[in-house]
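Asker: Sequence:
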Amino acid sequence: FMETSFKSRAFPFVFWIMIIVLLLDTYDTFSREVIGYFKGSIPLGDINIEPSTLGLFVSVIQIILVLYGIYLLFKKKKVGGYWVVGVNFVAVCVTFVAFFLGFTAGPPSEYLSQLFLFISIWFIVLCLVAIGIPRFYSEKFD
Numbered sequence: 042f043m044e045t046s047f048k049s050r051a052f053p054f055v056f057w058i059m060i061i062v063l064l065l066d067t068y069d070t071f072s073r074e075v076i077g078y079f080k081g082s083i084p085l086g087d088i089n090i091e092p093s094t095l096g097l098f099v100s101v102i103q104i105i106l107v108l109y110g111i112y113l114l115f116k117k118k119k120v121g122g123y124w125v126v127g128v129n130f131v132a133v134c135v136t137f138v139a140f141f142l143g144f145t146a147g148p149p150s151e152y153l154s155q156l157f158l159f160i161s162i163w164f165i166v167l168c169l170v171a172i173g174i175p176r177f178y179s180e181k182f183d
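In the working numbering, the protein residues as written are 42 to 183.
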């Protein structure tokens, strides 16, 4: 009889929490940006942003690529976490460039600094979930 470690016993729970958190984040992106496009305004904190076709296009591509990354994580491939974080990082950068180039009605500058703090915290959590968990359980992932 071999005693299994807490780390091994916790893996199924941690694995499903990771998948569910990433799917909920992707659903939030879908409901906020894709459904918001068709409603005519995208909620972002206390303000609404006027949607653009470019924003919709970027969001749909982002969601498809993130879902692919989640699928890779589900298949226990470490590279899926890099897909999820990388695609989200590029999408956020493209979104900020779009604000500054005026493709959408951007938020006021004082709100932008609060948004930057929120996005930074979100990225830290995203990295911990999508990259940290597969690294911590590296024996379970390819």
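FYI, nobody ran anything at the bench for these hints, they're computed from the structure. A hint or two may mislead.
List of simulated lysine-lysine pairs, DSBU-like, C-alpha gap at most 35 Å [what the hints assert, rightly or not]:
id, residue 1, residue 2
1, Lys119, Lys48
2, Lys48, Lys117
3, Lys48, Lys116
4, Lys119, Lys181
5, Lys181, Lys118
6, Lys181, Lys48
7, Lys116, Lys181
8, Lys181, Lys80
9, Lys117, Lys181
The model shown is predicted, which means the values in this text are computed figures rather than measured ones.
Asker: Hint by hint, work out which the structure violates, then give me just those numbers in ascending order.
Answerer: 8
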